Structure formats: structure tokens, C-alpha cells
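This is what each chain is made of:
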Amino acid sequence: MTPVPPLELTHFQAFLLFAVVISVAFGFLGRRRPKDRVKYILWSLFLFLLVGIGVGWAMFPFSR
Amino acid sequence: MNEPSQIPANDATQATPSTNAAPAPGESRAVAFGIAGWLLPGLGHALQRMWGRALVVFFAVGLLVYAGASMRGNVFTRQGADAFDTLGYIADMGTGGFYLFARAIETKGADVSHADGDYGTRLLATAGVLNLLAALHAYEAARGHKA
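The listed protein sequences derive, respectively, from chains A and B.
According to our numbering, the first sequence holds residues 1 to 64 in order.
According to our numbering, the second sequence holds residues 1 to 147 in order.
Since the hints were made in silico from the structure, they are not lab data.
To give a feel for the contact side, a few chain A residues facing chain B, derived at Cβ under 8 Å:
(1) 9
(2) 11
(3) 14
(4) 17
(5) 25
(6) 28
(7) 29
None of the values given here were measured: they were computed from a predicted structure.
All C-beta atoms, glycine included, are put in the ideal place defined by N, C-alpha and C.
Using the sequences and the hints given, assemble the complete structure.
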């Protein structure tokens, strides 16, 4: 197999990739109706971002 | 001290439903769907004609594996040095057939000396755990306990 070019993502891009993929997967696995899935995905994504950025800011004073 | 009473309060509590003694008819089928879902992400749902879930699981696990391996994350092998390596191996094996895909595309080996490689390791483990969750969901769905 031909080698794939290395993927370089910032911390935020990797975090966003994780949050989007997991939110969509959880939405489809956890809900059946399309409307419920969309609501679940958006809410889950919002919480991922809120908690991730919140924890990042909370750790900032101890980062150096 | 008095011994607790051994007499049941109600005879009906001793009655065991006959359905508990024998395995459910679709149990082996449900196990087969769960294993199929583990081996190829989404296959457990596809066999039950849950096409949307099958596609989402396939592409979600595939994307995480591709991203993790191309970021030069650590694809753990059976020869782990410590418990964390073993746990990582178990998580990576959760991706089923995609584990071989990850090994195939990560031709330069892992590089966790940079942040990208560390993120990649996490994405690979996430893919494995997500696929195990999806396989368990396929198993439960086959047993009639779907969400």
C-alpha cells in the first residue's frame, strides 16, 4: 500500500474531529427519529466543545 | 440473635419463569451480529438492515483510524511492555479489521514524540472503543432491545 501523507492537525482541529465524529455516531446509535438524532448530535457537540474548552481554560494557569 | 426467617413471604417469588431456563431463540444470531459488527465496523447493523447506523459506524470508525494512523499514532501490538500498552492493544483491537488497515497505512511507525502522534494514539483508541460500543448495540438490537 502506498504510504499516506502525514496528517498534521492542531490540538483544536483534532479535538473538533473527535467531537464531531463521536457526536454523530452517538446520535445515530442512541436515537431513531431523524429529528431526535439532529437534536442529540447538536447538543452532544455543544457539550463536548464547552467541556473541552472549559477544561483547557481551567488548566491554563498551571500550564507554565 | 434471632436467625432471619427462611420462609418466603410469598410463594410466587420462588416461581422461576420457564423462559429464563432456556436461551432465547435469537441469542446465537445476536452474538453473530455482534461479532460481525466487531470484525467489520457497521456490518452488525447492515445485516439487520439498519443502513444509516451501519454507514455512520463504518465511516466514523474508518475516519478515526485513518486520522489516527496518518498522524503517526501508536498502533499497539501484542508485545506490550506494560499494562497501558496492553490496554491500548485491547482498545486498538476493538476496530476489528480496521486494525490491519491502521498497521498497513502507518508505514513509518509511530511517532509520539510530537503532539500529533499523541493525538493519533487517542483517536485510534477512540475508534476501537466506539466500534465495540457499536457491536454491543448491534447485539442488543438483534435481541430486540434497540434504542
